[in-house]
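Novice: If you read the protein sequences in the order shown, they are chains B and Y. Final position of the first sequence in the numbering used here is 99; the numbers increase by one with none missing. Final position of the second sequence in the numbering used here is 312; the numbers increase by one with none missing.
Hints in this document: simulated from the structure, not taken from any laboratory. Please note: incorrect hints may appear among the correct ones.
Chain B stretches covered by chain Y per the calculated footprint, using a threshold of three residues with CB under 8 Å from any CB of chain Y [what the hints assert, rightly or not]:
{"no.": "1", "segment": "9-17"}
{"no.": "2", "segment": "35-45"}
{"no.": "3", "segment": "71-80"}
{"no.": "4", "segment": "86-92"}
Restraint ranges, calculated between C-beta atoms of paired labels, are given here [what the hints assert, rightly or not]:
{"no.": "5", "chain 1": "Y", "residue 1": "Leu193", "chain 2": "B", "residue 2": "Tyr34", "range": "29 to 35 Å"}
{"no.": "6", "chain 1": "B", "residue 1": "Glu60", "chain 2": "Y", "residue 2": "Lys127", "range": "17 to 23 Å"}
{"no.": "7", "chain 1": "Y", "residue 1": "His273", "chain 2": "B", "residue 2": "Tyr34", "range": "51 to 57 Å"}
{"no.": "8", "chain 1": "B", "residue 1": "Leu62", "chain 2": "Y", "residue 2": "Ala277", "range": "51 to 57 Å"}
{"no.": "9", "chain 1": "B", "residue 1": "Asp98", "chain 2": "Y", "residue 2": "Arg126", "range": "35 to 41 Å"}
{"no.": "10", "chain 1": "B", "residue 1": "Leu62", "chain 2": "Y", "residue 2": "Ala184", "range": "51 to 57 Å"}
{"no.": "11", "chain 1": "B", "residue 1": "Glu60", "chain 2": "Y", "residue 2": "Met75", "range": "37 to 43 Å"}
{"no.": "12", "chain 1": "Y", "residue 1": "Thr182", "chain 2": "B", "residue 2": "Glu60", "range": "44 to 50 Å"}
{"no.": "13", "chain 1": "Y", "residue 1": "Gly268", "chain 2": "B", "residue 2": "His33", "range": "53 to 59 Å"}
The beta carbon of each residue, even a glycine, is placed where N, CA and C say it ideally should be.
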Amino acid sequence: MAGLSAINPQFLYVCAGIFLFAIGLWGTWLHAHYVRKIISLNVMGAGVFLTLIAVAYRGENLPPDPVPHALVLTGIVVAVSATALALVIIRRLEDATDE
Amino acid sequence: MNLLDGLWGILDLLLVAVLLLLAMAAVLSSDRRRSMMLFIVFGLVLALVWARLHAPDIALAEAAIGAGLGGALLMATLRRDTHQQTDQFPQHPVVLWGAGVLVMVLGTMIAWGLFSVLPTVEQTWRKGAAVDAHLAFSGVSHPVTAVLLNFRAWDTLLELAVLLAAILGIRALGYVRSAYVTEAAFSQLAVWLVPLLILMAGYVLWAGAHSPGGAFQAGALLAGAGILLRLAGYSHAGLPTTRWLVRLGLVAGTGVFLLVGLGLLGWGQGFLHYPVAYAKWWILLIEMLATVSIGMTLTLAFMGGIPQKEAA
Chain B
1 MAGLSAINPQ
11 FLYVCAGIFL
21 FAIGLWGTWL
31 HAHYVRKIIS
41 LNVMGAGVFL
51 TLIAVAYRGE
61 NLPPDPVPHA
71 LVLTGIVVAV
81 SATALALVII
91 RRLEDATDE
Chain Y
1 MNLLDGLWGI
11 LDLLLVAVLL
21 LLAMAAVLSS
31 DRRRSMMLFI
41 VFGLVLALVW
51 ARLHAPDIAL
61 AEAAIGAGLG
71 GALLMATLRR
81 DTHQQTDQFP
91 QHPVVLWGAG
101 VLVMVLGTMI
111 AWGLFSVLPT
121 VEQTWRKGAA
131 VDAHLAFSGV
141 SHPVTAVLLN
151 FRAWDTLLEL
161 AVLLAAILGI
171 RALGYVRSAY
181 VTEAAFSQLA
191 VWLVPLLILM
201 AGYVLWAGAH
211 SPGGAFQAGA
221 LLAGAGILLR
231 LAGYSHAGLP
241 TTRWLVRLGL
251 VAGTGVFLLV
261 GLGLLGWGQG
271 FLHYPVAYAK
281 WWILLIEMLA
291 TVSIGMTLTL
301 AFMGGIPQKE
311 AA
């Protein structure tokens with residue numbers, strides 16, 4: 001991590017992760033429809049994961065840190081189960097307003 | 001060497017640009033269907049980014065769970081009766097731009113905070129060296145699996161419990177109208193793809209001990225087989241028709257994990273402290289049952305909980 005020479009991949013991907021977090025937050029906040037809020041929330045989550053994995057990355061010649069990898073793997077599964085529950089609630093809500 | 005570094009730099013910039021543009025398009029698009037498609041493509045590009053950052057486990061999980069199953073779950077919310085679903089922002093443009101500036105300021109602050117602590121990471125909370133030092137006692141040779149099922153087994157147990165809580169919530173909501181159409185053409189595909197998916201799930205599960213893979217990726221492959229069967233017109237998606245067998249399958253992962261933990265505690269080993277000689281077999285047992293539970297949970301989540309009673 002000595003200096004930010006030409007293009008430091010870690011710096012680039014951490015910035016990308018934080019940017020994804022910001023876009024996702026914006027969409028979660030401003031979208032009116034729940035499905036769109038869920039998509040934005042998942043973009044936000046992807047930003048957090050990307051930041052963690054970019055921190056775990058230690059260059060081409062060093063093995064990455066396995067602890068953040070395990071955390072993100074857990075995070076992806078928790079995110080998809082929360083998404084599944086939220087989407088079924090939305091489907092149920094739409095069915096209920098139809099009847 | 002310099003040329004190669006330059007190529008990697010260009011590749012990094014390209015990947016990040018595509019990723020950010022896809023995310024922005026998915027959030028901003030006014031067409032809901034297009035937004036979902038863009039989100040799925042975003043997940044696939046993200047899988048490439050994981051591979052680039054030397055995280056093949058996460059690349060596998062992202063492609064199968066994030067993009068694949070997440071996409072299938074999203075598409076299942078699209079309604080059959082309406083073709084165009086547009087989402088306009090109800091807010092005034094000034095509010096939209098103002099909020100944009102606000103989140104970017106927040107992002108800059110997070111970045112500033114993170115980059116000011118990042119140089120201390122190597123000395124303080126980096127645990128990679130500790131994982132390498134204890135890998136030989138974990139029962140597996142792949143560091144990520146060792147963290148998930150041995151060193152940090154608590155987290156994984158609670159993760160399976162979250163999955164169980166989600167499916168209990170989904171089942172508690174009762175019957176949900178399905179948005180997808182069953183397609184007879186899929187049954188031809190299912191005939192050869194389903195056995196292949198089950199075989200691949202077995203391989204990915206076994207490979208997890210020494211290389212990228214494991215219960216979550218294998219469970220996602222099983223769920224893929226289940227969703228394919230559901231789309232081909234099998235109303236139970238290959239799941240058992242007896243209710244108690246379904247329930248048993250759903251709790252098997254969490255239940256056996258917990259029983260092994262408590263059993264080891266009774267044995268005087270401490271909660272989830274495997275004896276070194278048998279660690280591999282305990283991990284394999286837990287992962288096998290977790291795979292079954294994850295596969296069934298995700299398939300049922302796609303179906304919307306309670307299997308639909310079909311007239312035909």
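Novice: Each of the hints needs a verdict: does it hold here or not?
Specialist: Here is what the structure says about each hint:
no.: 1; hint: 9-17; in the structure: holds (count 7)
no.: 2; hint: 35-45; in the structure: holds (count 7)
no.: 3; hint: 71-80; in the structure: holds (count 9)
no.: 4; hint: 86-92; in the structure: holds (count 6)
no.: 5; hint: Leu193(Y) - Tyr34(B): 29 to 35 Å; in the structure: holds, 33 Å
no.: 6; hint: Glu60(B) - Lys127(Y): 17 to 23 Å; in the structure: holds, 21 Å
no.: 7; hint: His273(Y) - Tyr34(B): 51 to 57 Å; in the structure: violated, 44 Å
no.: 8; hint: Leu62(B) - Ala277(Y): 51 to 57 Å; in the structure: violated, 32 Å
no.: 9; hint: Asp98(B) - Arg126(Y): 35 to 41 Å; in the structure: violated, 53 Å
no.: 10; hint: Leu62(B) - Ala184(Y): 51 to 57 Å; in the structure: holds, 53 Å
no.: 11; hint: Glu60(B) - Met75(Y): 37 to 43 Å; in the structure: holds, 38 Å
no.: 12; hint: Thr182(Y) - Glu60(B): 44 to 50 Å; in the structure: holds, 48 Å
no.: 13; hint: Gly268(Y) - His33(B): 53 to 59 Å; in the structure: holds, 55 Å
In summary, the structure is inconsistent with hints 7, 8, 9 from the numbered list given earlier, while agreeing with the others.
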